[in-house]
Structures are given as structure tokens and as C-alpha cells.
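S.K.: So in the working numbering, spot 404 of the sequence shown is number 1110, and the numbers just go up one at a time.
Hints listed in this document are in silico derivations from the structure and should not be mistaken for laboratory results.
Just so you know, these numbers come straight off a predicted model, no measurement behind them.
Errors might be hidden in some of the hints.
Said to hold, decoys possible - Ranges of calculated distance between the beta carbons of each label pair, as one might list FRET restraints:
| no. | residue 1 | residue 2 | range |
| --- | --- | --- | --- |
| 1 | K1003 | P767 | 51 to 61 angstroms |
| 2 | I800 | D983 | 28 to 38 angstroms |
| 3 | R960 | P1094 | 42 to 52 angstroms |
| 4 | R960 | L796 | 21 to 31 angstroms |
| 5 | D1188 | T1111 | 16 to 26 angstroms |
| 6 | P940 | P1094 | 48 to 58 angstroms |
As the list claims (entries may be wrong) - Mimicking DSS-like on lysine-lysine, the simulated pairs with C-alpha atoms at most 30 angstroms apart in a straight line are:
| no. | residue 1 | residue 2 |
| --- | --- | --- |
| 7 | K875 | K950 |
| 8 | K950 | K1003 |
| 9 | K950 | K996 |
Even for Gly, the Cβ is constructed at its ideal location relative to N, Cα and C.
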Amino acid sequence: MTAAHRNPNTSPRPYRFSNDASRPSDATKPDETVAVRAGRENKFAPGEAIRDDLPQALPLPLAAHDALEIIEEARGEAWCVGGFVRDALLGRPIHDVDIATSLPWPAVQEAFRDAGWGTVETGVAHGTLTVVRDGEPLEITTYRTDGTYSDGRHPDSVTQASSIEEDLKRRDFTINALAYHPARGIIDPFGGVADMERGVLRSVGDPTTRFSEDALRILRACRFASQLGVAIDPATFEAMIACKNLLRQVSGERVYRELERFVCGDYVHDALMACVDVLAFVLPELVAMKGCAQVTKYHIYDVLEHTAWVVQRTPPEPLQRWSALFHDMGKPAAAFFEETDEGPVEHFYGHAAVSVSLACGIMHRLPFPAWLRRDVPPLVRAHDDVVPPNARAVRRMLGRLGGRTDLFAALCDIKRADALAQAPFCAPRADAADELRALMEQILEEEAAFTVKHLAINGCDIMALGVAAGPEVGRLLDACLDAVIDERVPNEREELLAFAEELRKEAS
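Produce the entire structure from the sequences given, and follow the hints as far as they go.
M.R.: Shown next, in the form of C-alpha cells:
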């Protein structure tokens, strides 16, 4: 594995399937077709029927099982394909089941209508029909080979293929070029099971051809590295680098969707360090972070790897992960050195504001949802603010965050991860972040005020004192809140009105 795309401190993770007895041996070759059995392998020529003992049972949903039977009753052949087979073997959660069949889509539609299922002609131009039972959709696609991809995303034409093996040749990666049937086992013509065992992501056939057909596959490779912890095969990675300019053909919506899955992956640190040169085409802001040293006793990583660890150590939720990715993005622009008696020291004053600007630029360049464009900037802006572990400081920060306890909790997540991604002596700061969260819970339990909405008086009460509607009302309410937080005035109506009246007289 080359250093260009792999963290040198890690190695490919050997996979452990949900049934260890079904793991293939290292002798499996990529050009062999393998049927994985419970407890053993059975090699067979493409198209040869699989018999022998029962196949390994995968957790196939009942609707998919019934769909296979409907197709076979219509004298067609059918297999479950793609991500379902991969995730089932890895013991990962199952989401969608796609089915490939020898029948043309009109015959599929007729068979399922006769069986009482609904049908939707979602992609019949490419041979795909969606069938629906009890609100549960299944995509069924006729075996096919793809023509040229003039737009870099979709085939200009498709031709019906003669076999499942021929259909699997058009898939992106070997771990996705698998087919399963509950009575016939698993077909693996390109060594995908062996690649899963070795923890390697490899293209089916020539990788340059695969990425030229559909540039989104480049980001899918990055995403699989983050979600599954796979190391990208060197030839596949070189093709990703060579073809990354084709990502300009991919819509912003698809880019955003893949990036979000990437940042929320279980192995995002390794994937970000490995794939940064590819991701830089859609997130050029990453380039300046790579190799930007942090010459300070508080850090042991450059800005990129520090960021990668912060993202890794936050909860895998979009708000926390995106905020973590952006939090130090402004450091390269804000960096400057100061000569001290102990040598040069680097500072990043104002980097949070620069990070907010860069984050906002990215979130408007790509179609981020409005709620992330609203909630990410305040977290990036506040991530480096010192919040002492006391109730007053927590209430003030809650007020700065508009009373949003969810944002404060996310800020604690980021502060905790930030501390753990710095020099070892900074690790105790993670405990301080946990203490801040505990203080917030205590404040909520005590129903203590941290926004003007929590005060025992409101704007109408202030105006009843003779204050004209306008900014002065807000100023007096803010002053009352400060006094309550500082425990100079209790949050009681009469005391607050007297305090506000005194302030009004002083200002007049």
C-alpha cells in the first residue's frame, strides 16, 4: 500500500464476516468465480449451476425473498446484488435490496402486477422497474451491459446481458460485484469476498474506465474507505487521482450526499488522510491544511491530521462532523510566528472567524441544507472560546447560542474531541468538556435563566416603566439577564422591575 493514500500508522483491516466459517481463503484469485458456502468454498465456471449443500443464509427480507419467487415463477432468473450482499456478509445493517433478473422489465411488470404488487417505471430506459408491496419498494433491473457514458454519469444506452456474470462486470468495485440467491449461494466473479477479507477496495476491471464512465464512483471510493475502513488498491487510487477532474461533471447534490456519508464514516480519520488529494477537487480548502505544521506545545499534528482526529472523535452526526471538519480550516490563513526566548512560536489568532468564512463558502457552494448553514457557523465560531466550568459561564454561552441546548451539547462534543486531538497533556480538557455538559443539565434541572425569555419580566414590562419601544428595551432586558446570571438580582418580577427602573433613571 503506497504512502500516497494510506496512513502509514495503519494497515488494512481484515474483515470478519457475520459467519466466520464462510470466509474465503487467501488463495482465492480475482478472476475466479466463487460460491461461498457455509463452512467451505465451491468454485465453478461462469453460468454453471450451483448445487451441493445449502448455501450460507443471509438475512434476506421477506419481500425480497418473495420477489425472487415471483420472477422464477415467470421463468426468469434472479439474484440479489450489490450493497445488500456486501453489508450482509459484513454483518452491517441492511437497508435496500436490489434484484437483477434475466427478464426484460415489461415481463417483470406483468409478473408483479399479476401477483398484486404495485409497480413504478422509475428507470425503465435502463431496464429498472420499482415494485412495491405494503409500501416497501424493491428495484429490479434486467441484466445489462452499458454503452458509452458521454455525460460521465449515465450510460447513453444499455443492452440486455445474457448472464448475471456479464451484468456484474459493469459494477464499480469488487465488493459490490456480488450476487446472492438463497437457494444457490453467492456469485463472486471478481474476488470481492477476498478483497473484503483483506480490507481492500478495488475496481472491477480497468479503474480508469470505471471512473470515466461515472465520476461519482471516485467519491464513492472515498466514502467506502470512511464507512468500511478499507484501504484503496494502489491502481484504483492512481486512477482516482488521474480522473478527479471528471468530478466537475457531477451535480452538487450528489457531491454533497457522498461527502456527508464520508464525514460520518466510522474510519473517517484514515480515509481523510488517505483521500485528501482526491477530495481536494471538491473541497480545495483542504489543500492548505495538509502539511500546515502547528509549531506550538499544544499540538503534535499538522492542521489536517489534527482535524481528521477531531472529526473521528465526534459523534457521527452531520452537525458535529461538519463543524469538526471546518473548525480549524482558517488556521493556515491566520498563522503567524512570534520569536520567543524558547524559539519561534506559531499563533492562529482569529482563525475561528476565518474558519466560519470558509465554512459558509463551502456550504453555499455545495447544496447544504438550510439547517446546517444556520447551525454550523456558531459552533465553528465558538469552538475555541474558553468556557470555565461554572454555571455562570455555561449560562452565558447558552445565551450566546440563542438558548439552544442542542448546540451547546454539540459544542461540548467538539471541545472534547479537540482536546483529545492535541498534545497528550491537553487530554484532561476532554473531562472539562464533559463537566460543561453536566453543568448544562444541572442548569436545565434548576430552570435557571440563560436567555431573556427565561426572565420573570418581558418587553411589555419594560415599556410600562416609560421606555419607548426600540433598542433600549432590549438593552435593559439584556442588563437584567446579566444581573440574574451574575446572581446580583434574583429572577423575580419585583426585583427585576426595580433594577430596570434604576438603570432607566441612570441612562436618562
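S.K.: None of the hints should be skipped; say for each whether it holds.
M.R.: Comparing the hints with the structure gives:
{"no.": "1", "hint": "K1003 - P767: 51 to 61 angstroms", "in the structure": "holds (55 angstroms)"}
{"no.": "2", "hint": "I800 - D983: 28 to 38 angstroms", "in the structure": "holds (33 angstroms)"}
{"no.": "3", "hint": "R960 - P1094: 42 to 52 angstroms", "in the structure": "holds (44 angstroms)"}
{"no.": "4", "hint": "R960 - L796: 21 to 31 angstroms", "in the structure": "holds (24 angstroms)"}
{"no.": "5", "hint": "D1188 - T1111: 16 to 26 angstroms", "in the structure": "holds (20 angstroms)"}
{"no.": "6", "hint": "P940 - P1094: 48 to 58 angstroms", "in the structure": "holds (50 angstroms)"}
{"no.": "7", "hint": "K875 - K950", "in the structure": "holds (22 angstroms)"}
{"no.": "8", "hint": "K950 - K1003", "in the structure": "violated (37 angstroms)"}
{"no.": "9", "hint": "K950 - K996", "in the structure": "holds (18 angstroms)"}
The earlier numbered hint that this structure contradicts is number 8, and it is the only one.
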